[in-house]
Amino acid sequence: MNNIEIKNIDQNLIPSEKNITSNSLEKLILNNYYRNHSKLGCCNCESKKFYDVPFDNRNIIEITCNGLLPTNYIEIPQNFDEPIYPDDFIIVQNEDSYEIAQVKLLGDLVKIKRQNQALFNEILPIIVRKATNEDLSKIRTNILDEEKAVVVFKQLISKLNLEMKLISTHFQFDRKKLFFFYTADGRIDFRELAKELAAEFKTRIELRQIGVRDEAKKIGGLGSCGREFCCISFLNSFKKISTQIAADQNLASNINKLSGPCNKLKCCLSFESDQ
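Under the numbering used here, the first residue of the sequence shown carries the number 1, and numbering increases by one thereafter.
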């Protein structure tokens, strides 16, 4: 495991096993990790003002999370009495699973943002506690094992002659599941692959086939405009983009100039079309 390279994380920031309880160093690692993996929100982008939608007066905060939470908002139960501040790491419960997340925004600004997005009274994940040094150590181990899973996965698909491209891996914080996200040209019979992965990592395995737009969102990068991909910087969902949208705006007919790195029509084509 010591020879495993952690992408997007400065190796000099990784504490040795002797200093694993160093809270400050762990936070440096995790801040770097979440900056490169979490999706950011935007109060004004991809939202409409729904003045007829009431404020959701529950104690709700906005978070960033590399895990599989259904939303960027979580609820703080009434009996939760620990103080929460931006950039704090917290443990979140979503149904029967747990993930680690980082606080992004709290207070009345969250209520205004949610009203702009027409969100009200939906079921939300809840905060369990603030992350401890042991929790931060655990997520560090999970990150290392995710990288180990990449190596094992590629070895197995080569052994089993499966035409799959691995995009990313994710260990749930509680390690109940290990997720593999991949792309492929068609349907893949991965039953034997799942068995071997489960035997190797001693946990439930879930393989999810994703599209090329989801791949771009997970990997990230810069568009032709020189800015970070819209899908990773603020878009929370993908809209259907058609050539008719480009035609309505009298844009160039060269489809290559209108396509993003994912080879799909650029999401930004819909921004002015909505107006």
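Because the hints were derived from the structure by calculation, they are not lab data.
Among these hints, one or two may not hold up.
Below, a list of computed lysine-lysine pairs in the DSSO-like style, where the Cα atoms sit at most 30 Å apart [claimed, not checked]:
1. K240 / K264
2. K217 / K104
3. K113 / K148
4. K130 / K159
5. K195 / K148
6. K113 / K130
7. K138 / K148
8. K148 / K159
9. K113 / K165
10. K218 / K111
Cβ-Cβ distance ranges computed for the label pairs, FRET-style [unchecked claim]:
11. Q78 / T243: 47 to 53 Å
12. G107 / A199: 45 to 51 Å
13. F120 / N79: 19 to 25 Å
14. E134 / K218: 27 to 33 Å
15. V152 / C225: 17 to 23 Å
16. K218 / D108: 28 to 34 Å
17. I255 / G221: 19 to 25 Å
18. N250 / V152: 32 to 38 Å
19. E200 / E272: 45 to 51 Å
20. R191 / N250: 37 to 43 Å
21. K148 / N256: 17 to 23 Å
Even glycine gets a Cβ: it sits at the ideal position worked out from N, Cα and C.
Going through the hints against the structure:
no. : hint                    : result
1   : K240 / K264             : holds (10 Å)
2   : K217 / K104             : holds (20 Å)
3   : K113 / K148             : violated (39 Å)
4   : K130 / K159             : violated (43 Å)
5   : K195 / K148             : holds (17 Å)
6   : K113 / K130             : holds (24 Å)
7   : K138 / K148             : holds (15 Å)
8   : K148 / K159             : holds (17 Å)
9   : K113 / K165             : violated (37 Å)
10  : K218 / K111             : holds (28 Å)
11  : Q78 / T243: 47 to 53 Å  : holds (51 Å)
12  : G107 / A199: 45 to 51 Å : holds (48 Å)
13  : F120 / N79: 19 to 25 Å  : holds (23 Å)
14  : E134 / K218: 27 to 33 Å : holds (28 Å)
15  : V152 / C225: 17 to 23 Å : violated (38 Å)
16  : K218 / D108: 28 to 34 Å : holds (32 Å)
17  : I255 / G221: 19 to 25 Å : holds (20 Å)
18  : N250 / V152: 32 to 38 Å : violated (51 Å)
19  : E200 / E272: 45 to 51 Å : holds (49 Å)
20  : R191 / N250: 37 to 43 Å : violated (51 Å)
21  : K148 / N256: 17 to 23 Å : violated (39 Å)
Comparing the model with each numbered hint stated earlier shows that hints 3, 4, 9, 15, 18, 20 and 21 do not hold.
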